[in-house]
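Asker: I would like the entire structure built from these sequences, with the hints used as guidance.
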Amino acid sequence: MRSRSTITCFLALHLFLSFNITHISALSFKMNFTESTDNGVASIQLQEDAFYNKAVRLTKEELDGQITHSVGRAVLKDPVILWDSTTGQLADFTTRFTFMIKARITDGTYGEGLAFFLSPYPSVVPNNSTDGNLGLFSSSADQSETSNQIVAVEFDSHKNSWDPDDNHVGINIHSIVSVANVTWKSSIKNGSIANAWVTYKASSKNLSVFLTYKDNPQFGGNSSLSYSVDLRKYLPNKVAIGFSAATGKLVEVHQVLYWEFNSTDVQLKSNKMKRVLIISLVSSISATVCTMGLVCYFLCIRKIRMSRKEEEKLDYDESIEDEFEKGRGPRRFQYDELVVATKNFALERKLGEGGFGAVYQGFLKDQNLNIAIKRVAKGSTQGKKEYISEVKIISRLRHRNLVQLEGWCHEQGEFLLVYEFMPNRSLDTHLYDKSNLLTWPLRFKITIGVASALLYLHEEWEQCVLHRDVKPSNVMLDSAFNAKLGDFGLARLVDHDRGSQTTVIAGTMGYLAPECVTTGKASKESDVYSFGILALEIACGRRPVVLKEGDDKIKLVQWVWDLYGRNEILDAVDGRLDGAFDDHEAVCLMVVGLWCAHPDYNFRPSIRQVISVLKFEAPLPSLPPKMPVAVYFAPPIHLCKFSYTSSDGTLKELEGSSIYGKTTSSSSATNASSSTPSVHLPHMGY
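What the sequence shown shows, in mature numbering (1 follows the signal peptide of the UniProt record, and there is no 0), is residues -26 to -1, 1 to 660, in sequence order.
These are computed hints drawn from the structure, not numbers from a lab.
Some hints here could point you the wrong way.
[Unchecked claim] Pairs of lysine-lysine residues, derived as DSS-like cross-links and limited to a Cα-Cα distance of at most 25 Å, are as follows: (1) Lys408 / Lys419; (2) Lys159 / Lys76; (3) Lys175 / Lys207; (4) Lys600 / Lys522; (5) Lys527 / Lys408; (6) Lys324 / Lys359; (7) Lys4 / Lys51; (8) Lys223 / Lys76; (9) Lys527 / Lys600.
Everything numeric in this text was worked out from a predicted model, so none of it was measured.
Answerer: See below:
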């Protein structure tokens, strides 16, 4: 009864508030980019080759240097409300900007031009948009794609096959081919300053352009070019606004010197009926009832906030939801949908369990699709942090050798990630399960697949991604035994020119590079070290540390390096293969593994060099016959603790100054040498 009363009061108050007139504030700004102070530059996002130096410079500008095929954009960081999604009311706007296009030479060969544009928010520069595409459209994309949903005013300085002449002003709608144009008597050769006004009148749906080279010009509403267009049919209600430019084989410089913008309110106008209802409602509700309604309202708000308290504690980044909802990445699953897919997370559906949760197999009947679902353990703060990190990173990555994230779910206190299902599970299952023998061709193929994934992460994506946990249990295998690197919970993004990040120690002992343990620095070199250990494991069928072996065989890298120094490296190949392997490939794989696992990161190869050697496009490196010793500060002893399972099935712990040097066991493993332990590692690298 109390609950029903609360809901009724809440709805009554909501109805009252919804009858009031609401509006979205108008936008107005002025930015003079030529002044010495910042003056608005902080409000501008510069994309691709664009940069700022006493002007917004959209393309590369070293006129005597390599500036061909350059593209850049400068956009307002915040979205602009173009029309109201409830009423459909359009905003009027007027923008004025001062710009300069200057040619390299005076013989008429220059290009390509710049444009003022409106596009879906946020602004995304499409691929293959140099030359006459002006950084606006992709020459390879379908015209219906989101990346081509742009309305622009172009100031074109070079005649392409679709252009009317070499210098013209055009209005473009979803295409580089202008719907209206006029010849532009440009002053590009002498680099004169141009002033332009672009206006839009919502009442007449008229988009007009006025251009002049006069000093101190006045705008009286006249136009050089106009076109009637209902922008609601071509653009979403929230848009990005800014400038774009490009060069091709022919070059010029593109500078924006001044920019101002003004738009009107988009106002929701109440009709007479609503006004009558407001007056009736207000006059009929007593002060006591209003007070009770407000109390109920705030109680409801408090309850909602309390239910979201856990999310707020984790500082959950709402941009993750935004990214998914745009439709470019994985989709959002309903919690009930995943409960059905896993038969309420039944035990028989569990594929494996790691440090921060379990992985279940699921089946989506409507899609006839098998999936894998990672379920973060409740109460695991670290697991939820890894969930957020993985969503931010892996949802944006696309590569044939990376595990594909299909979707996500964050409901009822649960954190769930949905991946493509890998029928052959993880690599360590095949390396260390006696019932599964991985043939040599598959081992070599898997190694190259993981290397290709790291090349994409380190060099080919827009930022450098440090995986920080490369190991067999994080390498998944599809039905054709193609390797797919997964588990990005520890991954970090760094700029390509930085290449490393100082952070807390993270990863798995045995795969951590020595400098990570001592300095806390993760880098591309530390990922390469982990890959080297992985490569040796694949070739030798042994874990990085095997306590039951003799002193000279405990550490995999030391053992293989000793064999290498004695020209007996083929003795290290997995004995279960019974000689069924390619000698040349085996030597190559293990020498590359040693090269990557060099104790001094300065002597490790890049992952690109690794692939060249593995594909026999480059010669094998010449390594010293004895394993070098790198000098590092000794890490705290508690950082070198790991667990193992003894022959009696009990879990014990071993700790020492470093797994890279002599290891002294703790009291909890005093009799470890008398048992037959194996390192205990989590499985499933989703």
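Asker: With reference to the structure, classify each hint as holding or not holding.
Answerer: Results for each hint:
1. Proposed proximity of Lys408 and Lys419 is supported: the alpha carbons are some 21 Å apart, at most 25 Å.
2. Restraint check for Lys159 and Lys76: the C-alpha separation of about 14 Å stays at or below 25 Å, so the hint holds.
3. Taking the CA atoms of Lys175 and Lys207, the gap is near 15 Å; set against the 25 Å cutoff, the hint holds.
4. About 23 Å separates the Cα atoms of Lys600 and Lys522, which keeps this hinted pair within 25 Å; it holds.
5. Our distance criterion of 25 Å between C-alpha atoms is met by Lys527 and Lys408, whose separation comes to about 21 Å.
6. Taking the CA atoms of Lys324 and Lys359, the gap is near 22 Å; set against the 25 Å cutoff, the hint holds.
7. The hinted pair formed by Lys4 and Lys51 meets the criterion: a straight-line CA distance of about 14 Å does not exceed 25 Å.
8. Note on Lys223 and Lys76: the hinted pairing holds, with a Cα-Cα distance of about 16 Å set against a maximum of 25 Å.
9. Distance restraint check for Lys527 and Lys600: the Cα-Cα separation of roughly 15 Å lies within the 25 Å cut-off, and the hinted pair is therefore satisfied.
In terms of the numbered hints stated before, the structure departs from none.
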